Structure formats: C-alpha cells, structure tokens
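Chemist: From first to last, the protein sequence lines are chains A and B. Residue numbering for the first sequence follows my numbering, beginning at 34 and increasing consecutively. Residue numbering for the second sequence follows my numbering, beginning at 194 and increasing consecutively.
Worth flagging that the hints you see were computed from the coordinates, not collected in a lab. Honestly, I wouldn't trust all of these hints.
Stated by the list, open to error - Here are the simulated lysine-lysine pairs, DSSO-like style, with alpha carbons at most 30 Å apart:
# : chain 1 : residue 1 : chain 2 : residue 2
1 : A       : Lys-59    : A       : Lys-239
2 : A       : Lys-240   : A       : Lys-219
3 : A       : Lys-150   : A       : Lys-260
4 : B       : Lys-267   : A       : Lys-167
5 : A       : Lys-239   : A       : Lys-219
6 : B       : Lys-241   : A       : Lys-166
Please read these numbers as outputs of a predicted model, since none were measured by experiment.
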Amino acid sequence: MIEVRQLCKSFGTQSVLNGVNLQIEKGDRVVIIGRSGGGKSVLLKLIIGLMRPDSGEVLIDGQNIATISERQLLNVRHRFGMLFQAAALFDSMSVADNVAFALRRERKWTPQQIERKVDEALAMVDLEGTQTKKPAALSGGMRKRVGLARAIVYQPEILLCDEPTTGLDPIGADSIDHLIVRISEKLCVTSVAVTHDMRSAGRIGKKIVMLHEGRIHAAGTPDEIFKSTDPIVSRFVNGVSDPKEPVF
Amino acid sequence: MNGLSWVKGQLEGLGQLSLLASEAVVSLFCRPFDVRQAIYQTYFIGAKSQSVVLITGAFTGMVLAAQTYFQFHKVRMDTATMAVVSVSMCSELGPVLTGLMVAGRVGAALAAELGTMRVTEQIDALRTLATHPVDYLVVPRLVATVVSMPILTALSISLGIASGYAIGTQYLDIEPAYLWHNMVKYTFPQDVATGLIKAVIYGGIIAVVSCYKGLTCREGAEGVGRATTEAVVYSAITILISNFFLTLTLNRLLNT
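Chain B extracted, bound-state conformation (with noise of 0.2 Å):
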C-alpha cells in the first residue's frame, strides 16, 4: 500500500510538473511579458554564473587533454587528442557540466526563494493582487535560465577546449600544428549543435524542476531545505538521464 501511494504521489508530481511547464509555455505566448524581471533574472542566472561555470570548463577541458594524451601516447595518436576533447567538450562534456552547475547554483536559489515567498505567504498575496504566480516568477525565470544557458555552455566549451589546447601544447609538448588541424577536421558543425540544443533543454529543465519545487514547498524551514535540495538533486538527475536519449535523439537527426 506504502508502495503504491508513493508511485501515485510521483505520478501526480509529474502531473503537476508538466502541467506547470505548459502553463508556463502558454503564459509566454499569451500574455503580457515582464521584460524587467526577465533581463533581472537573466543577469542572476546568466552574467553571475560566468565564474563557476568558466572554472568549470577549463579545468575539464585541461584534465581531459591529459588524460586522452596519456591513453593516445601508448598508442601513438598523440595530435588526435584535441579532436577528442574538442567533440566531448561541445557535445556531451560542456552542456551537461553547464547543465550540473547551474543546477546546483541557479536550481536551488530559484527553488528556495520561491519556498519562501511560499511559506511566507507572499505568493498567496500575489494571487490577491491579480497576478498569476507562472506569470510573474516562473515564465520570466524560464525564459533567463533557456537564454543564458546556451551561452553559458558556448563559453564553457570555448574555454576548455582552449585550455586543453594549451595544455596539449605547453605542458604535453604535443605539435600545435597536427593537433590543431586533427581537432578542426573531426569536430562537426552538428557537435557544437548537438551542445547548444541540450544546453536549451537543460535550461528549461532546470527552471521548470526547480520553480516547482519553490512553489509546491511544504511548510517551514524544513519544508524550504528539503525543496532546494530536491531542486538540485532532481534537475540533476533529470539532465542526466535525458542527456543520454538526447545524444542518441540528436545524433540521429543532425546527422542525417
């Protein structure tokens, strides 16, 4: 009985979360847009996300350098190394650590202050003065985390490929010339393409998951944490799980 109360519960959570992705999607369409809070939010969730998701990106971007070059060495296919990390980095590597970042950065302050305008009353006290909630917190916050998220991913992927790069170069004494050629001859247009559009679906993810999560929070300050945590783990979880029919979906129909 346990069991099946607990399937129904995700089951209607999944209800719930679909249909407050729909509304959110009608309400951008159909209604007046809040263009002040969209570029405010754009500016939290994209400009003050820069640092950790750059640091991000280099740092996966020179460790994969390393350690495709210490596995290619014994083998000789040194200058195939950039090509490697080139193609993870815009198609796996740097939309889905973006993706994981802003998850953790963006997800659960998204989630935790929409639990406490919750708890506080203060969307109740939305609703009283005529104003959908999805209108005024959810669409404009969707619409910065699906804007800002493919840029973040774009500048996670320049750096580390760039590092990398440097890496190959300075430190693994590869030969610029073959290893640049070598990742500019295996790296696609679709690669960078398959990025960009996963980094777009995370971001809708990520904005959706967690501003259901703020709104449906239970009571208190246990019912906030518990909402911010489950924010981060679920759009983490769901980025990963859709990450791999993405690539598979992706692979697919880009290269057709």
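Bound-form chain A, shown alone (with noise of 0.2 Å):
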C-alpha cells in the first residue's frame, strides 16, 4: 500500500534520510523509531507529501506522489489522516468546527449529518460534551484526542501518527496508544505511527522499524525488536548511551 524506495532528504549541508526504504501493507500498525533529530517526522511528512524529497519515490497503492503537483496531492491526501505532535488543533474554531472542519470542505454532507459524525468521532475519542470548547480550554491529552477524532472521521484509509505519546503523562500516554489501535482496529486503517517511547511502541505497533544514521537499520515485530541483540537495537531500546559517542 505505502512504499518508499531508496529516500533521500537534507536541510542545507545536514542529510536526514539516506536512501530509506520501506514497505507498509495494507491494515499494517507500523511505528518508526529512532533518535530524536533522526528524521521520523520527516519521513512521515515525506509518506503525505507535506515535503518533497531531493530524491527516492514515495508510492501510495503504486502512485508516486513525489512527483505530482500540490493540487494533485490534495486528491491523495483524502485517503489519510494525520495527528500532529502537538495536535495542530486550529485555535480559533471550536471542537466540533475543528473535527467537522474536513467534512464542511467535502461539501456532500448536511448540516445534521456533520453534526453526527462529529459526535461519533468525538464519542470514539471519549470526548462526548466537549463541542463547544476552545483548544486552548483543552489538556494536552485532551487536544491530541481532538485531533485523532479529526484525523478518523472521514474514515481514512491510512492514519498518521506524529509522536502521539509527546508531552503526556505516562496514564495519558498509555490511553492514546490504546485509542490508536482501537480506532485502527475498528475502522480498518493502515497506521504509521513515530515516536521514541518505546513502551508506546511496543503498544501500538505490529511491527516497528528503526531509523539510524538516515537509513531503516533493523525491523521486526516488537518482540523481535525487543530482544535484538544488534548493539544500535538494544542500546535504543533499552536507553543505554554509548559512552563512547556521548551525545549532549
């Protein structure tokens, strides 16, 4: 379904990804780890072309979106949804306006059919009665639900996940990794999920992939990963620094 060949992408003089390939099946819960600064958020901006690469393909069901026009991508980007890191909630609509915000630019659905998916998503979110509220009235956790119910409710086929567990507490964190494989379960979504928690990761993925040095350096389902003996693997995993190369 997702298929990245040989990826390349830098900043100025920095090179972030150096020929990342991958490949994500269809119904697939893949979750990227890696350092921070190691280029995760890159890549996934990379898989819904918010940033082109400076070389390498990215191809969705075959399609090669790193070449086609913003326009063009606008068609592709219905088939995904996104949760940002820090949500991205826009900060001047209310909850429900921010959630149906996709639905309204459709321009196929009623007034009283937004209304209720709007409601179901937040009910899925477990955000019932909370419509009217600012952003800025929200907690953390509460705003990355918001954001996830905005991310699902015109069912995409693929859901994006940004350091879903960033800034949580660790019982907020451990409710938005179940929420994520819940809705992925139920509404059958291919997820792709970054983060450098690993409990997180071990919740959510069926499979995780490491990225390192801007390359994918080991994958595997997370008890594989887990176990790794290779000394990047088991050093990331069990957050040991290599005293030799101490990074500040």
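With the hints as a guide, bring both chains together as one complex.
Modeler: What follows is the structure, encoded as structure tokens:
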C-alpha cells in the first residue's frame, strides 16, 4: 500500500534521510522508532507529501506522490488522516468545528449528517460534550484526542501519528496508545506512528522499524526488536547511551 | 558572494510572491469560493479599519487645507484651496494613506495570523485535510482586502474633503461659494477613478505580500515577529513605489 524507495532528504548540508526503503502493507500497524532529530517526522511528512524528497519515490498504491503537484496531492490526501505532535488544532475554531472541518470542505454532507459524524468521532475518542470548547481550554491529552477525532472523522484508509504520546503523562500516553489501536482495528485503517517512546511503540506496533543515521537499521515484530542483540537497537530500546559517543 | 546570494534570495522571493499571486487568482476563478470566510475577513479588514482610516483622512484633509491656504493666501488664490485638497485627496493622499494605514493594521495581522498557523503546524494540518492553503487562507483575504480598500479610500477621501472644506470656511474664513465652485470646477471624475483604481491595486498588494510573509515565516516567535514587520514594511514600500508608476500610467490612460 505504502512503499518508500531510496528516499533521500537533506536540509542544507545536513543529510537526514539517506536512502530509506520501506514497505507497509494494507492493515499494518507500523511504528517508526529512532533518535530525536533522526528524521522520523520528516519521513512521515514525506509519506503524506507535506515535504518533497531530494530523490527517491513514495508510492501510494503504486502512484508516486513525490513528483505530483500540490493540487494533485490533495486528492491523495483524502486517503490520509494525520495526528500531529502538538495536535495542530485550529485555535480559532471550537472542537466541533475542528473535527467537522474536512467534512464541510467536502461539501457533500448536510449539517445534520456532519453533526452526527462529529459526535460519533468525539465519542470514539471519549470526548463527548466538548463540542463547544476552544482548543485553548483543553489539556494536552484532550487536544491529541481531538486531533485524532479530526483525523478519523472522514474514515481515511491510512492514519499517520507523529509522536502521539510526547508531552503526556504515562497514563495519558497509555490511553492514547490504546485509542490508536482501538481505532485502527475498528476502522480497519493502516497506521504508521512515529515515536521514541518504547512503551508506546510496543503497545501500538504490530511491526517496528528503527531509523538510524538516515537509513532503516532494523525491522521486525515488537518482540524481535525488544530482544534484538544488535548493539544500536539494544542500546536504543533499553535507553543506554554509548560512553564512547556521548551526545548532549 | 554574500551580495550575490542576497540578490538570488530576493529574486527567489519575488518569484514565489508572483506564483502565490497567480495561484490565488486562478483559485479565485476556478475553485469553490468560501463565502463565509470572505465575509468574515471583509468585516475584519474593512469594517474594523474604518476608524483608523477616517481619522487619517479627516486630519490629512484639514492639514492639507490649512497648508494650501497659507501658501495660496500669499498670491491671493484663497478660493483655489479646496481644488488642490480635493484633487490631492482623490488621486494621491486618499488611496496612499489608506493603503499605508491598512498595511499597518491589516498587513501585520494577516502575517502574524498566518505565521503563527505555520509555526504551530496548522497550515500543514490544513494540507493533510485535503485543503489548499491558498484556497482557504489567501483567497478570502485577498477578496476582502480588494473589496474593502476602495470603500475605505472613498470614505477617507470624502471625510478629508469635508473636513478640509469645514476648516476652509469656518476657521480660515474663505468664501464658501467660490471655494465650492473652484473645487467642483477643477476636480474631474478621472481623479476619483484614479484613486479608486489605485485602492484596488493596493488592496491586492497588501493581501498578497502579507499572506506571502505569513506563509513563508521562519520558525519560532522571532520568525513570526520578523514576518509581521516585513509584511508591513514591504507592503508600504511597494505601495509608495507603485504609486509613482500608477500616477503616470493612469494619468495617461484616463486623460486621453
């Protein structure tokens, strides 16, 4: 469904992705892990076309979206839902307006249908009764839930989550992880999440991919990754720094 | 080398600005138009700018009348005062000062709003929701500014002339009948048309420059601050420079 071939991306002289190859099948729940600043979020943004690669291909059901125009990309993006690291809610709108945004832009739903769909999406993320609140009045966890409701309300085929648990307390993080799994299963979506939180990766992923030095360094089931004897994977999973290469 | 890269950067910026302007025009005529957004923006950009534009127009008209009278009185041309005020307000001061005031008030607000949306990933969120930022953000603001500017300019011109006339007759003791007669005699429809055409063009400049600065703003609070400042400065400079060329061009086109 999603295939990334020899993807390269650099910012100025700093090379972030250096020939990434990745294949994600329909219905997969893939978690991309790696160090902060290692290009995980960049990879996610390349998959949905928010950034253009320097070279390489991003194929969505065989269509290379790396070379098509922004207008053509809009049609492809109907198939995606994305949860941003800081939720990226529209702060001038209420919760209901945020969630209803994509439906209103489609111009094929009546106001009653939109209201019903918004209520359903908010119920799915356990946020009934928050329709009239403004994003500023919500906690970090609630914002992420609204972001998730906004991403799934139009039933996309692919759900992308950028650091879904960053900034949340352990209980809030656990709740978001379970929500992502529950929604992915209920709506049968292919989900790709990016995180450096290993507990979160273990809870969300059917498959974990590790990005290291701009390439896919390891891939496998959560069990395989957690039990890996590869020193880079093992150090990352267990949160152990390399004394020979201290990074501050 | 630094000079070369600066020139290259400026040219790139100019190219991107032109692309944004053309994308907005194409979107306006070829894509579904968000009427609600345009009405809201017209209220914010037009209705809420009235007070600042009216104060500017009124005091400019008054000071222009007073200063013209002081000079004309020396050569006993007192009754020609309002002719100068009227023509100046209609074709130059009305549109330019309205443009500068709107650039300050609206240009800064547009750049800050869009810049904040950019740094908080709200514009990326729009794109993931299959919405082109030009369709949703730029076009309604462009339409609102282009519609509001001539109306604001007309208000500014009217109040400028009225207040200049009031100062002339009440404070400077110029004979009202001759003052009115000379003003009407030497003010032509072309002068009013020049001012309103300029206002439409300045509206486009303010909207496109400010939206461009907001959409391309750099990360962080500093980036938003810089984008806001640049939006106002570049809009104002572009208005002043284009005013010269518009005056020459419109004078030739409308007076033939």
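Chemist: Each hint needs a verdict: does it hold in this structure or not?
Modeler: Results for each hint:
1. A:Lys-59 <-> A:Lys-239: Between A:Lys-59 and A:Lys-239 the Cα gap is close to 12 Å, so the pair holds against 30 Å.
2. A:Lys-240 <-> A:Lys-219: Holds: A:Lys-240 and A:Lys-219 sit about 19 Å apart, inside 30 Å.
3. A:Lys-150 <-> A:Lys-260: 42 Å, violated
4. B:Lys-267 <-> A:Lys-167: 64 Å, violated
5. A:Lys-239 <-> A:Lys-219: With Cα atoms ~16 Å apart, A:Lys-239 and A:Lys-219 stay inside 30 Å; holds.
6. B:Lys-241 <-> A:Lys-166: The given pair, whose Cα atoms are some 26 Å apart, holds under the 30 Å limit.
In terms of the numbered hints stated before, the structure departs from hints 3 and 4, listed from lowest to highest.
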